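Following the hints, position chain B against chain A.
Okay, here's what each chain looks like letter by letter:
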Amino acid sequence: MTVNLEILLDGFSNFTDWAWILKINVLIISFFLFLTLCLITLILGLRLFKNFRNKKKQKQENLLIDFLNSYLFDEDFEKEEQIKHFKKNHLNTELEIKVTIEEILQFHKNLKGESAIALEELFLLFQLDVFILKDLDKNNWFDTAKAIYALSELTIDVSVDKIAPYLNASRDEVRQQSQLYFLKTAKTNPLQFLDVTKRPLTTWQQIYIENALKNFYEGPTPDFAQWINHELISVVEFSIRLIARYNQFENIPKLVPFLKHNKESIKIETIRSLRKLGYEELLDLLIPNFEKENLLIQKEILSTIEQLGDFNDLQKIRPLIAADEWELKIKYMNIERFFLPEKIEQINIETMLEKEIEI
Amino acid sequence: MKKILVIEDNPMVIKSLEFKLTKDGHEVLIAKDGREAMKFLKEANFDLILTDLMLPFVTGIELISYIKKNSPNTPIIVLSTSTQENIIMDAFNMGVDDFITKPFSPNELSLRVKRFLNKA
Chain A
1 MTVNLEILLD GFSNFTDWAW ILKINVLIIS FFLFLTLCLI TLILGLRLFK NFRNKKKQKQ
61 ENLLIDFLNS YLFDEDFEKE EQIKHFKKNH LNTELEIKVT IEEILQFHKN LKGESAIALE
121 ELFLLFQLDV FILKDLDKNN WFDTAKAIYA LSELTIDVSV DKIAPYLNAS RDEVRQQSQL
181 YFLKTAKTNP LQFLDVTKRP LTTWQQIYIE NALKNFYEGP TPDFAQWINH ELISVVEFSI
241 RLIARYNQFE NIPKLVPFLK HNKESIKIET IRSLRKLGYE ELLDLLIPNF EKENLLIQKE
301 ILSTIEQLGD FNDLQKIRPL IAADEWELKI KYMNIERFFL PEKIEQINIE TMLEKEIEI
Chain B
1001 MKKILVIEDN PMVIKSLEFK LTKDGHEVLI AKDGREAMKF LKEANFDLIL TDLMLPFVTG
1061 IELISYIKKN SPNTPIIVLS TSTQENIIMD AFNMGVDDFI TKPFSPNELS LRVKRFLNKA
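Those protein sequences? They're chains A and B, same order as listed. Going left to right, the first sequence walks through residues 1 to 359 as this note's numbering numbers them. Going left to right, the second sequence walks through residues 1001 to 1120 as this note's numbering numbers them.
No lab work stands behind these hints: they were computed from the structure. Here the structure is a predicted model, which means the values were calculated and not measured. Among the hints, a few may not be true.
Unchecked claim - Calculated lysine-lysine pairs in the DSS-like style (CA-CA distance at most 30 Å, straight line): (1) K98(A) x K1032(B); (2) K1015(B) x K98(A); (3) K1042(B) x K109(A); (4) K1102(B) x K57(A); (5) K84(A) x K1023(B); (6) K79(A) x K1039(B); (7) K109(A) x K1102(B); (8) K109(A) x K1003(B); (9) K1023(B) x K87(A); (10) K1015(B) x K84(A); (11) K187(A) x K1102(B); (12) K1015(B) x K1102(B); (13) K88(A) x K98(A); (14) K59(A) x K1068(B); (15) K59(A) x K23(A); (16) K1023(B) x K184(A); (17) K56(A) x K109(A); (18) K299(A) x K260(A); (19) K50(A) x K1068(B); (20) K56(A) x K1032(B); (21) K112(A) x K1002(B); (22) K1042(B) x K1068(B); (23) K109(A) x K1114(B); (24) K79(A) x K1114(B); (25) K1015(B) x K57(A); (26) K1023(B) x K59(A); (27) K109(A) x K1032(B); (28) K98(A) x K1002(B); (29) K55(A) x K1032(B); (30) K1015(B) x K87(A); (31) K112(A) x K1102(B); (32) K79(A) x K1068(B); (33) K1114(B) x K1032(B).
Just chain A, same shape as in the assembly:
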């Protein structure tokens, strides 16, 4: 064994005499061996760091659960002194602050009433809003979105200039959070942010805005007609839809001109809204143009007849439906069945005969 080792060491000492192919092989092996060792060390280091971080996180979470429960439900808890103590000893590192923010948000999400208000106060007493505002200016979109989310969840008022620039951020998530911030903190005119919105509203944003309007905003309902002439089509469609959702009958005259809009989606949204608002003259405006409209709008007209019209209105459409337009014909016949339930059998036979002739 000792002899073998000596031979090996001897061989290495004559490295310069080795064939070049052997030298390259040894160099490559050494390089990859070094890389592997570095990688293993890095993985182990990261693992250790993660375990250490998780342990600290868990410790902070446990501390907070006890602290928050005592703060909220224990009448003997000396709030002022304990807050000072917690701030001094447990809010020093970024991790401690982040865990505290998350935990307060988690509590706030599940509690309401006095407890929720107490949590909002505690957030400010811990001066976590200062940390959040610093997070806003970070380059990571997720830090920004999270910061705005925290501010809106806890309805913390900050200067409009701080949040407004994010209404037109490139990431949907950041835009969405800033829209919700304005909605949740607004006392009046919750959709004022639409005035400065330059990017189209996504479907999810529209759903979230509508939900926040319904569940969080407590002020007077805005007049949605303010935005029916907005430069963004998605905002126009959204406003038209909300006019109907909130039964703003006074806006019917403002909606009517949109029946002639050159954008199909706006036209459809207008028909649906006027239909929902029960606008009596709607069919008189739609039926004469039935033939000129495309399939989607024709289907909306038929739905409108079903809801606002009668069998006579439906009959006016019959000669206007092309022979090969089966989608429309089926819709027409379904509405016919709705108007004449006693003649369902006869309508079914007529439909079958018509189909056979067609075939």
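Below, chain B alone, put in the same frame as chain A:
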């Protein structure tokens, strides 16, 4: 000391309920899922049961029907995120005594618990 069984899987809600109800002077037992709750229900009697509807392993609805079958006089309060009318109606039809939606007010919950326990 009245005995309350809390069936809930959200750790934060568990801790808060445990703290608040213990502070109010009750003995609180926690079941983190439906299976654990079934075990407790087979082993002991409770003065009140506070349960979520969406639970792992055994759902809240299954638990309610088990409780109503085996100890019909035990008041049940449901604590759920659901605001759907049909779910709330179903729960009441099964004999649930009260329904509290999340987010909830701990003070309000505490009062409702006291009311039921005083009735018993």
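Does the structure keep K1023(B) and K87(A) at a Cα separation of 30 Å or less?
holds, 25 Å
Given pair status - K98(A), K88(A), alpha carbons within 30 Å
Since the Cα atoms of K88(A) and K98(A) sit roughly 15 Å apart, the hinted pair holds (cutoff 30 Å).
Agreement of K1015(B) and K1102(B) with the hint, judged by alpha carbon distance not exceeding 30 Å:
holds, 15 Å
Take a quick look at whether K55(A) and K1032(B) sit within 30 Å of each other, Cα to Cα.
Given that 30 Å is the threshold and the Cα spacing comes to 23 Å, the pair holds.
Given the hinted pair K50(A) and K1068(B), is their Cα-Cα distance within 30 Å?
violated, 47 Å
Given the hint that K1114(B) pairs with K1032(B), does the C-alpha gap stay at or below 30 Å?
Since the Cα atoms of K1114(B) and K1032(B) sit roughly 23 Å apart, the hinted pair holds (cutoff 30 Å).
What's the verdict on K1015(B) and K87(A), does the C-alpha distance respect the 30 Å limit or exceed it?
holds, 22 Å
For K112(A) and K1002(B), compute the direct alpha-carbon distance and say whether it is at most 30 Å.
Between K112(A) and K1002(B) the Cα gap is close to 26 Å, so the pair holds against 30 Å.
Pair hint outcome, K1023(B) versus K184(A) [Cα-Cα no greater than 30 Å]:
At roughly 34 Å apart (the allowed maximum being 30 Å), K184(A) and K1023(B) break the hint.
Given the hinted pair K59(A) and K23(A), is their alpha-carbon gap at most 30 Å?
violated, 54 Å
Pair hint K1042(B) and K109(A), alpha-carbon separation not exceeding 30 Å
violated, 33 Å
Does the structure keep K98(A) and K1002(B) at a Cα separation of 30 Å or less?
It is violated: about 39 Å lies between the C-alpha atoms, which goes past 30 Å.
Of the hints listed earlier, those the structure fails to meet are numbers 3, 6, 14, 15, 16, 19, 28 and 32, in rising order.
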